[in-house]
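Student: Please put together the full structure from these sequences, using the hints given.
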Amino acid sequence: GQLGDGTNIEKHTPITISNLSNVKQVSAGRDFTVALLNDGTVKACGENNDGQLGDGTDRGRNTPVVVSGLSNVKQISAGGSHTVALLNDGTAKAWGYNCYGQLGDGTTTDKHAPTTVVNLSNIKQIDAGHYHTVALLNDGTAKAWGSNSFFFTPGGQLGDGTSIDRYIPVTVSNLSNGEQISAGNFHTVALLNDGTIKAWGYNSGGQLGDGTTTTKLIPITIIV
1 GQLGDGTNIE KHTPITISNL SNVKQVSAGR DFTVALLNDG TVKACGENND GQLGDGTDRG
61 RNTPVVVSGL SNVKQISAGG SHTVALLNDG TAKAWGYNCY GQLGDGTTTD KHAPTTVVNL
121 SNIKQIDAGH YHTVALLNDG TAKAWGSNSF FFTPGGQLGD GTSIDRYIPV TVSNLSNGEQ
181 ISAGNFHTVA LLNDGTIKAW GYNSGGQLGD GTTTTKLIPI TIIV
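In our numbering, the protein residues as written are 1 to 224.
Think of the hints as simulated: they come from the structure by calculation, not from any bench.
Warning: the hint list may mix true and false statements.
[Unchecked claim] Just the calculated beta-carbon pair ranges, DEER-fashion:
no., residue 1, residue 2, range
1, D194, N62, 19 to 29 Å
2, I164, N19, 42 to 52 Å
3, T221, N138, 40 to 50 Å
4, T213, V23, 35 to 45 Å
5, G161, P14, 18 to 28 Å
6, H12, D58, 42 to 52 Å
[Said to hold, decoys possible] Straight-line Cα separation of at most 30 Å, DSS-like style, residue types lysine-lysine; simulated pairs:
no., residue 1, residue 2
7, K74, K124
8, K74, K24
9, K11, K24
10, K11, K124
As the structure is a prediction and not an experimental result, all values here were calculated from the model.
We treat Cβ as the ideally placed atom computed from N, Cα and C, and that holds for glycine.
Tutor: Laid out in C-alpha coordinates, this is it:
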(Lines of atoms letter the chains of each structure in order from A and count residues from 1; the text may use other names and numbers.)
(Lines give C-alpha, C1' and ligand atoms only; values in the text may rest on other atoms or scores of the structure.)
Protein backbone atom coordinates (compact mmCIF):
# COMPACT_ATOMS: atom_id res chain seq x y z
CA GLY A 1 0.00 0.00 0.00
CA GLN A 2 2.99 2.33 -0.24
CA LEU A 3 1.50 4.01 -3.32
CA GLY A 4 -1.39 5.21 -1.16
CA ASP A 5 -4.10 4.68 -3.76
CA GLY A 6 -6.26 2.39 -1.63
CA THR A 7 -5.03 -0.83 -3.26
CA ASN A 8 -2.12 -3.23 -2.96
CA ILE A 9 -1.69 -3.54 -6.72
CA GLU A 10 1.57 -2.55 -8.41
CA LYS A 11 1.28 0.36 -10.85
CA HIS A 12 3.48 0.76 -13.91
CA THR A 13 2.46 4.37 -14.57
CA PRO A 14 1.97 7.23 -12.08
CA ILE A 15 -1.27 7.34 -10.10
CA THR A 16 -2.62 9.90 -7.64
CA ILE A 17 -2.28 9.21 -3.91
CA SER A 18 -5.72 9.14 -2.31
CA ASN A 19 -6.95 11.79 0.14
CA LEU A 20 -3.74 13.80 0.09
CA SER A 21 -3.36 17.48 -0.77
CA ASN A 22 -1.47 20.58 0.35
CA VAL A 23 1.76 18.57 0.39
CA LYS A 24 5.03 20.43 1.03
CA GLN A 25 7.50 17.53 0.83
CA VAL A 26 7.44 13.77 0.25
CA SER A 27 9.91 10.98 1.08
CA ALA A 28 9.95 7.28 0.17
CA GLY A 29 11.26 4.57 2.48
CA ARG A 30 11.81 0.91 1.69
CA ASP A 31 8.12 -0.07 1.49
CA PHE A 32 6.36 3.04 2.78
CA THR A 33 5.84 6.71 1.98
CA VAL A 34 5.61 9.84 4.14
CA ALA A 35 4.31 13.29 3.23
CA LEU A 36 4.78 16.61 5.03
CA LEU A 37 1.77 18.90 4.68
CA ASN A 38 1.78 22.68 4.53
CA ASP A 39 0.24 22.87 8.00
CA GLY A 40 3.26 21.10 9.53
CA THR A 41 1.59 17.73 10.07
CA VAL A 42 2.64 14.45 8.45
CA LYS A 43 0.80 11.57 6.77
CA ALA A 44 2.13 8.13 5.86
CA CYS A 45 1.11 4.94 4.04
CA GLY A 46 2.49 1.50 3.25
CA GLU A 47 4.20 -1.18 5.32
CA ASN A 48 4.01 -0.64 9.07
CA ASN A 49 5.43 -3.78 10.70
CA ASP A 50 7.94 -1.73 12.69
CA GLY A 51 5.77 1.32 13.34
CA GLN A 52 7.31 3.37 10.54
CA LEU A 53 3.98 5.03 9.74
CA GLY A 54 3.87 6.51 13.23
CA ASP A 55 0.13 6.09 13.74
CA GLY A 56 0.48 4.13 16.97
CA THR A 57 -0.08 0.72 15.34
CA ASP A 58 1.79 -1.89 13.32
CA ARG A 59 -0.99 -2.19 10.75
CA GLY A 60 -0.13 -1.50 7.11
CA ARG A 61 -2.13 1.24 5.39
CA ASN A 62 -2.92 1.60 1.69
CA THR A 63 -4.18 5.15 2.10
CA PRO A 64 -2.40 7.91 4.03
CA VAL A 65 -2.94 8.14 7.80
CA VAL A 66 -1.93 10.92 10.17
CA VAL A 67 1.31 10.47 12.11
CA SER A 68 0.28 10.68 15.76
CA GLY A 69 1.02 13.73 17.89
CA LEU A 70 3.24 15.47 15.38
CA SER A 71 3.07 19.15 14.40
CA ASN A 72 5.31 22.07 13.47
CA VAL A 73 7.37 19.86 11.16
CA LYS A 74 9.87 21.51 8.80
CA GLN A 75 11.34 18.48 6.98
CA ILE A 76 10.93 14.69 6.85
CA SER A 77 13.02 11.74 5.74
CA ALA A 78 12.07 8.07 5.36
CA GLY A 79 14.76 5.43 5.92
CA GLY A 80 14.76 1.67 5.56
CA SER A 81 11.99 1.11 8.11
CA HIS A 82 12.11 4.29 10.20
CA THR A 83 11.21 7.93 9.73
CA VAL A 84 12.67 11.16 11.10
CA ALA A 85 11.21 14.65 11.24
CA LEU A 86 12.93 17.98 11.77
CA LEU A 87 10.75 20.40 13.73
CA ASN A 88 10.62 24.17 13.36
CA ASP A 89 12.39 24.60 16.70
CA GLY A 90 15.47 22.74 15.44
CA THR A 91 14.83 19.49 17.32
CA ALA A 92 13.91 16.10 15.83
CA LYS A 93 11.39 13.30 16.27
CA ALA A 94 11.75 9.72 15.01
CA TRP A 95 9.67 6.55 14.84
CA GLY A 96 9.72 3.00 13.49
CA TYR A 97 12.41 0.31 13.49
CA ASN A 98 15.07 0.87 16.14
CA CYS A 99 17.16 -2.31 16.38
CA TYR A 100 20.38 -0.35 15.86
CA GLY A 101 19.39 2.80 17.76
CA GLN A 102 18.55 4.72 14.59
CA LEU A 103 15.76 6.61 16.37
CA GLY A 104 18.32 8.25 18.64
CA ASP A 105 16.27 7.97 21.82
CA GLY A 106 18.87 5.96 23.72
CA THR A 107 17.10 2.61 23.24
CA THR A 108 16.82 -0.18 20.68
CA THR A 109 13.05 -0.51 21.08
CA ASP A 110 10.82 0.08 18.06
CA LYS A 111 8.49 3.07 18.40
CA HIS A 112 5.05 3.17 16.76
CA ALA A 113 4.64 6.89 17.39
CA PRO A 114 7.14 9.77 17.29
CA THR A 115 9.78 9.93 20.02
CA THR A 116 12.28 12.71 20.66
CA VAL A 117 15.85 12.34 19.41
CA VAL A 118 17.89 13.10 22.54
CA ASN A 119 20.76 15.55 22.94
CA LEU A 120 20.11 17.16 19.58
CA SER A 121 19.17 20.74 18.67
CA ASN A 122 19.97 23.50 16.17
CA ILE A 123 19.38 21.12 13.26
CA LYS A 124 19.51 22.48 9.72
CA GLN A 125 18.70 19.25 7.84
CA ILE A 126 18.11 15.61 8.69
CA ASP A 127 18.31 12.40 6.65
CA ALA A 128 17.49 8.74 7.32
CA GLY A 129 19.60 5.93 5.90
CA HIS A 130 18.83 2.23 5.92
CA TYR A 131 19.71 1.65 9.58
CA HIS A 132 21.27 4.99 10.56
CA THR A 133 20.34 8.66 10.72
CA VAL A 134 22.36 11.84 10.21
CA ALA A 135 21.72 15.50 11.02
CA LEU A 136 23.47 18.60 9.73
CA LEU A 137 23.57 21.36 12.33
CA ASN A 138 23.32 25.11 11.78
CA ASP A 139 27.01 25.53 12.61
CA GLY A 140 28.03 23.26 9.71
CA THR A 141 28.94 20.24 11.84
CA ALA A 142 27.02 16.95 11.81
CA LYS A 143 25.71 14.32 14.21
CA ALA A 144 24.91 10.67 13.47
CA TRP A 145 23.39 7.68 15.23
CA GLY A 146 22.23 4.11 14.64
CA SER A 147 24.06 1.31 12.84
CA ASN A 148 27.78 1.82 12.33
CA SER A 149 28.53 -1.50 10.66
CA PHE A 150 27.80 -3.50 7.53
CA PHE A 151 26.09 -6.39 9.28
CA PHE A 152 29.03 -8.14 10.99
CA THR A 153 31.85 -6.10 9.46
CA PRO A 154 32.91 -2.49 10.10
CA GLY A 155 30.82 0.09 8.26
CA GLY A 156 31.76 3.46 9.65
CA GLN A 157 28.68 5.27 8.33
CA LEU A 158 28.43 7.38 11.50
CA GLY A 159 31.85 8.87 10.84
CA ASP A 160 32.99 8.93 14.46
CA GLY A 161 36.11 6.86 13.85
CA THR A 162 34.61 3.62 15.16
CA SER A 163 32.34 0.81 13.98
CA ILE A 164 30.26 0.86 17.18
CA ASP A 165 26.48 1.32 16.89
CA ARG A 166 25.29 4.47 18.66
CA TYR A 167 21.90 4.84 20.32
CA ILE A 168 22.21 8.60 20.77
CA PRO A 169 23.74 11.19 18.42
CA VAL A 170 27.53 11.43 18.20
CA THR A 171 29.62 14.02 16.41
CA VAL A 172 30.90 13.20 12.92
CA SER A 173 34.68 13.59 13.08
CA ASN A 174 36.63 16.12 11.02
CA LEU A 175 33.58 17.69 9.38
CA SER A 176 32.81 21.40 9.26
CA ASN A 177 31.22 23.92 6.89
CA GLY A 178 28.55 21.42 5.88
CA GLU A 179 25.80 22.60 3.54
CA GLN A 180 23.84 19.37 2.94
CA ILE A 181 23.99 15.77 4.15
CA SER A 182 22.66 12.48 2.77
CA ALA A 183 22.56 8.98 4.29
CA GLY A 184 22.80 5.93 2.05
CA ASN A 185 22.35 2.30 2.99
CA PHE A 186 25.69 1.99 4.77
CA HIS A 187 27.54 5.19 3.90
CA THR A 188 27.04 8.94 4.23
CA VAL A 189 28.00 11.94 2.11
CA ALA A 190 28.14 15.66 2.89
CA LEU A 191 28.31 18.69 0.61
CA LEU A 192 30.47 21.49 1.99
CA ASN A 193 29.86 25.19 1.41
CA ASP A 194 32.93 25.42 -0.84
CA GLY A 195 31.38 22.91 -3.25
CA THR A 196 33.52 19.94 -2.22
CA ILE A 197 32.15 16.62 -0.95
CA LYS A 198 33.10 14.45 2.00
CA ALA A 199 32.11 10.78 2.32
CA TRP A 200 32.49 8.01 4.87
CA GLY A 201 31.33 4.48 5.60
CA TYR A 202 31.15 1.18 3.71
CA ASN A 203 32.97 1.34 0.39
CA SER A 204 32.91 -2.10 -1.27
CA GLY A 205 31.56 -0.68 -4.52
CA GLY A 206 33.64 2.49 -4.50
CA GLN A 207 30.65 4.55 -3.36
CA LEU A 208 32.86 6.91 -1.37
CA GLY A 209 34.48 8.08 -4.59
CA ASP A 210 38.03 8.22 -3.24
CA GLY A 211 39.49 5.84 -5.80
CA THR A 212 39.48 2.85 -3.43
CA THR A 213 37.12 0.17 -2.15
CA THR A 214 38.31 0.54 1.43
CA THR A 215 35.77 1.37 4.14
CA LYS A 216 36.40 4.72 5.86
CA LEU A 217 35.47 5.37 9.50
CA ILE A 218 35.88 9.15 9.22
CA PRO A 219 35.10 11.59 6.39
CA ILE A 220 37.40 11.71 3.39
CA THR A 221 37.27 13.97 0.34
CA ILE A 222 35.62 12.61 -2.80
CA ILE A 223 37.83 12.85 -5.88
CA VAL A 224 35.91 14.66 -8.63
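Student: Could you run down the list of hints and mark each one as holding or not?
Tutor: Cross-check of the supplied hints:
Between D194 and N62, the C-beta spacing of about 45 Å breaks the proposed range 19 to 29 Å. A hinted range of 42 to 52 Å holds for the C-beta pair I164 and N19, which are about 43 Å apart. For T221 paired with N138, a C-beta distance near 23 Å fails the hint of 40 to 50 Å. In this structure the hint that T213 and V23 lie 35 to 45 Å apart at CB holds, the actual value being about 40 Å.
At roughly 44 Å, the beta-carbon separation of G161 and P14 lies outside the given 18 to 28 Å, and the hint is violated. The hinted range of 42 to 52 Å is not satisfied by H12 and D58, whose Cβ atoms lie roughly 29 Å apart. Our distance criterion of 30 Å between C-alpha atoms is met by K74 and K124, whose separation comes to about 10 Å. With a C-alpha separation of about 9 Å, the suggested pairing of K74 with K24 holds against the 30 Å cut-off.
Distance restraint check for K11 and K24: the Cα-Cα separation of roughly 24 Å lies within the 30 Å cut-off, and the hinted pair is therefore satisfied. A threshold of 30 Å between alpha carbons decides the hint, and for K11 with K124 the separation of about 35 Å lies outside it, so the pair is violated.
In the structure shown, a violation is registered for the earlier hints numbered 1, 3, 5, 6 and 10, in ascending order.
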